[in-house]
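The task is to assemble the complex, starting from two chains supplied on their own in separate frames and drawing on the hints.
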Amino acid sequence: MILAHGLGGRSDLPVPLWLALNAGAAAVLVSFLALTALWTRPRLRGAEGGRPVRLPVPRVALKVVGVLLLAGFLAVAWGGPSDVEHNPAPAWFYVWFWVGLVPVSLLFGPVWRLANPLRTLAAGLGRLVPHRELPAVGHWPAVVSLFAFLWLELASGFSDSVRVVAVFVTVYAVAHVVAGAVFGPGWFDRGDGFELYSVLVAALSPLGRRADGALVLRNPLDGLMTLQARSGLTPFVLLVLGSTVFDGLTRLPLWTSVQERFGTSAAVGTVGLVVAVAATALAYAGAIRLTRPYLRRSVAAYDAFAHTLVPIMVGYTVAHYFSFAVFEGQRGWTTWSGAAVDYTLLSAGLIAAVQVGGIVLGHVLAVTSAHDRSLRDLRPGYERVGQYPMLALMVGYTAVGIALVSGV
Amino acid sequence: MSVDLAGDLPVILMHQGGWDEIAVFLGPVLIIALLVVVARRQAPPPEEEDGE
Numbered sequence: 006m007i008l009a010h011g012l013g014g015r016s017d018l019p020v021p022l023w024l025a026l027n028a029g030a031a032a033v034l035v036s037f038l039a040l041t042a043l044w045t046r047p048r049l050r051g052a053e054g055g056r057p058v059r060l061p062v063p064r065v066a067l068k069v070v071g072v073l074l075l076a077g078f079l080a081v082a083w084g085g086p087s088d089v090e091h092n093p094a095p096a097w098f099y100v101w102f103w104v105g106l107v108p109v110s111l112l113f114g115p116v117w118r119l120a121n122p123l124r125t126l127a128a129g130l131g132r133l134v135p136h137r138e139l140p141a142v143g144h145w146p147a148v149v150s151l152f153a154f155l156w157l158e159l160a161s162g163f164s165d166s167v168r169v170v171a172v173f174v175t176v177y178a179v180a181h182v183v184a185g186a187v188f189g190p191g192w193f194d195r196g197d198g199f200e201l202y203s204v205l206v207a208a209l210s211p212l213g214r215r216a217d218g219a220l221v222l223r224n225p226l227d228g229l230m231t232l233q234a235r236s237g238l239t240p241f242v243l244l245v246l247g248s249t250v251f252d253g254l255t256r257l258p259l260w261t262s263v264q265e266r267f268g269t270s271a272a273v274g275t276v277g278l279v280v281a282v283a284a285t286a287l288a289y290a291g292a293i294r295l296t297r298p299y300l301r302r303s304v305a306a307y308d309a310f311a312h313t314l315v316p317i318m319v320g321y322t323v324a325h326y327f328s329f330a331v332f333e334g335q336r337g338w339t340t341w342s343g344a345a346v347d348y349t350l351l352s353a354g355l356i357a358a359v360q361v362g363g364i365v366l367g368h369v370l371a372v373t374s375a376h377d378r379s380l381r382d383l384r385p386g387y388e389r390v391g392q393y394p395m396l397a398l399m400v401g402y403t404a405v406g407i408a409l410v411s412g413v
Numbered sequence: 040m041s042v043d044l045a046g047d048l049p050v051i052l053m054h055q056g057g058w059d060e061i062a063v064f065l066g067p068v069l070i071i072a073l074l075v076v077v078a079r080r081q082a083p084p085p086e087e088e089d090g091e
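Chains A and B, in that order, give the protein sequences. With our numbering applied, the first sequence covers 6 to 413. With our numbering applied, the second sequence covers 40 to 91.
The following block holds chain B by itself, in its conformation from the complex (with noise of 0.2 Å):
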């Protein structure tokens, strides 16, 4: 979209944000998402000794 505020200097009003943005956290929290669930799958235990 285009404004013109100023009379002779065009203003662009820009969108930033939506699915973009949202994409843009997928590697982190796709990494973040497969250590918590291997890390909870393969808890050991409580009753496990700790083999010391």
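For reference, chain A alone in the conformation it holds in the complex (with noise of 0.2 Å):
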């Protein structure tokens, strides 16, 4: 049979779409009406929270590490072989650490910020130039280094050629090195896109550090209140979310629909990039434009629920990515094995189920920490009403999240 509309859409879902995409809104709104009956008051405690544990942490370990891993990668990447085919560099790239990232940094906290080679490489040039104080630029540097990959990742149609990937690795790689040299630590920090991305995911972490230091285990939710709403921390996150949006929209069929009018050039990749990220962005705009009459007045209103943002970002991550993780990882290996991808390692079943799952769990984990701000931010005696449009936004993006991996 071939479907005229959607090759393989509403077929991966177990169960149909407009189940799945009522039960994903209704998740969504139960738990905001049971956190509304039960959690009466602030109960996340941030930075205060968490047990002390002693792990010991492998620092030199880690950075050694890092740096012989960038070597490496690069060695294959500017030596090996040119054709994807045979040369594991890009599955290394996209998938090894791009993906790689959200579960190591879930499971280990923010390690990639350790054994970051560029932060490494940096620590050491810094040693020879004369240094500069950070411009206020906040995290807006990082939101120009991400977008570039992002941009390379999934608009500019040359994503899978080996010396190209070889090429960015190497400018972004000189550039923050340089810029990590001249302006200190704190650039990777404010301009590293994957350092600050991976910093994000390790906030959902039950592996932190507490405001003493210390490293606890803690309630991933406490670890979320911890992050520091920087200028352009907010338009990264969205930034993210965007390109997430986008990158489910290139597989259905209105998309092909467009390549088929509009061409299949980077510059049709780069308009729909910028306008998913743009709508995905406006319709955070408008909830806040909503929520901030309700709002104490000391509160920053744009980036008051910028935190609660991580868990749908990091949800819609796993959804999206990981059947690509699982699949397209084996390039890794397969390209010099010369063995074949195994796509039977995953059933259509558990894909879907991942899928959906991980993004109504991403959205009621943003409910929760949006509630918990709520009560601390939101005016006296309107803490219910003055969340209805962040709950309406979360509605949104959980039906609109659903709809995209379901290939509609």
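In case anyone wonders, no lab produced these hints; they're calculated from the structure. Among these hints, one or two may not hold up.
Said to hold, decoys possible - Not the full set, but computed from the structure, chain A residues with beta-carbon under 8 Å of chain B:
no.	residue
1	LEU22
2	TRP23
3	LEU26
4	ASN27
5	ALA30
6	LEU295
7	PRO298
8	LEU380
9	ARG384
10	TYR387
11	VAL390
Claimed, not checked - Here are the in silico distance ranges between beta carbons for each label pair:
no.	chain 1	residue 1	chain 2	residue 2	range
12	A	LEU259	B	PRO83	37 to 43 Å
13	B	PRO83	A	LEU24	36 to 42 Å
14	A	VAL62	B	PRO83	46 to 52 Å
15	B	PRO83	A	TRP260	40 to 46 Å
Each residue gets a CB set at the ideal place from its N, CA and C atoms; glycine is no exception.
See the structure below:
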């Protein structure tokens, strides 16, 4: 059977799409109702929360491993075969590194911050060059650097070119090592898109640092509260969310129709990426605009709920990249071994369950985090109705997310 | 519609799309609309004090 509108679309879901969509929206709504009934005062402790644990942190080993991995990657990307069928560098970069950052950061916290080879190399180079004070640019350099990567991956049209990947990683590394050497290690907190991304995901890890510096086991929602909403952080999260929306969009027949009409050039992809990010950001801005009258005057409205978007971002990422990671990640070794990629590792039902589950769980965590923040930041007497705009946003994000992974 | 493209294998072209797909989104859209309308109607006036 050939489906004239949507190849392999709805059949990917083990339940009808209308049921998945409405159940997802209902899960978010029911979570909110339960929270308003049972969670009546702020409970999250943020940087004060957590129980200290004693775990060895192999800082030096992580730094050495990070530098060796970068050197090995560049050697293979530049010196290996130039075709993607025989060179694993793109699979290493897009799957092992980019997608792999998520489970590693969720399990072990911000370990990439310790292993980041660019940070290590910049520290060495920094002893040789004069320092300058880091300008007050917030996280905007990280927004720019991550957009460059996302454009390469999703919109450029030559993302699977081995040499292009080599050029991108080399230029990215040189730029950040030089900036890190000049502006100091604080540059990587603000300017390195990959490191900021890993730190945001790591906020949901049960392992983290308390305000007193102790390594603790904590409620992941406490970790979310520790995120500092500097300028550019909210756009950074919205950029990741919007890019994932675009990635889902490109698998739909709608995108095929757009390409048939306007072509498959990088310009078309760029416009699509920008529109998807802008739509995601506008939806958030609209919800904040409606929430603003309910907020206490001292609260910075736009950034007040930025941290609550992080579990949504992680949920979308898991939903979109789970099967991609398992299947395409095999190319990291099959390009050398000559073995075929095993597409039978995951059933369609399991993939769909992880997709819907990731999106719904991410939104439920977001609603919980937003609820706790609302109890602190909304005007007294308006704690419930003041959450409606953000709740509407999350119901909308859930529905769009499930629709996109379903392939309608 | 059935089209015999391969000679011996019937290929059935099925249409997906239309009102049935729009109706799929009805539940979430209604929830969003209701939440937005209530939030707009019950918004406190700008001059109202925080009451802290």
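message: Hint validation: A:LEU22 versus chain B, beta carbon distance must be below 8 Å. Holds or violated?
response: This hint holds: A:LEU22 lies near chain B, its Cβ roughly 6 Å from the closest one there, short of 8 Å.
message: Please check whether A:LEU259 and B:PRO83 have a Cβ separation lying inside 37 to 43 Å.
response: Holds: the Cβ-Cβ distance is about 41 Å, inside 37 to 43 Å.
field: Evaluation of the interface hint that places A:TYR387 against chain B, nearest CB under 8 Å
entry: The hint holds - A:TYR387 has a Cβ within 8 Å of chain B, the shortest such distance being about 6 Å.
- prompt: Do the numbers back the hint for A:PRO298, that is, is its least Cβ distance to chain B under 8 Å?
  reply: holds (4 Å)
A:ALA30 as an interface hint toward chain B, with CB separation required under 8 Å: Holds - the Cβ of A:ALA30 comes within 8 Å of chain B, reaching about 4 Å at its closest.
message: Can you tell me whether the CB distance of B:PRO83 to A:LEU24 sits inside 36 to 42 Å?
response: holds (38 Å)
message: Given a hint of 46 to 52 Å, does the C-beta separation of A:VAL62 and B:PRO83 actually sit inside it?
response: Hint holds: Cβ distance 48 Å, inside 46 to 52 Å.
- request: Go through the hint on A:VAL390 and say holds or violated, using the shortest Cβ distance to chain B against 8 Å.
  value: holds (5 Å)
Restraint outcome when A:LEU295 is required to lie within 8 Å of chain B by C-beta distance: With a closest approach of 5 Å, the A:LEU295 hint holds.
Status of the A:ASN27 interface restraint (C-beta, 8 Å, chain B): A:ASN27 check passes; min Cβ-Cβ to chain B is 4 Å, inside 8 Å.
B:PRO83 paired with A:TRP260, Cβ distance criterion 40 to 46 Å: With Cβ atoms ~43 Å apart, the hint holds.
- prompt: Holds or violated: is there a CB of chain B closer than 8 Å to the CB of A:ARG384?
  reply: Holds. Min distance 6 Å.
Hint check: a violation occurs at hint 8 only; the rest are consistent with the structure.
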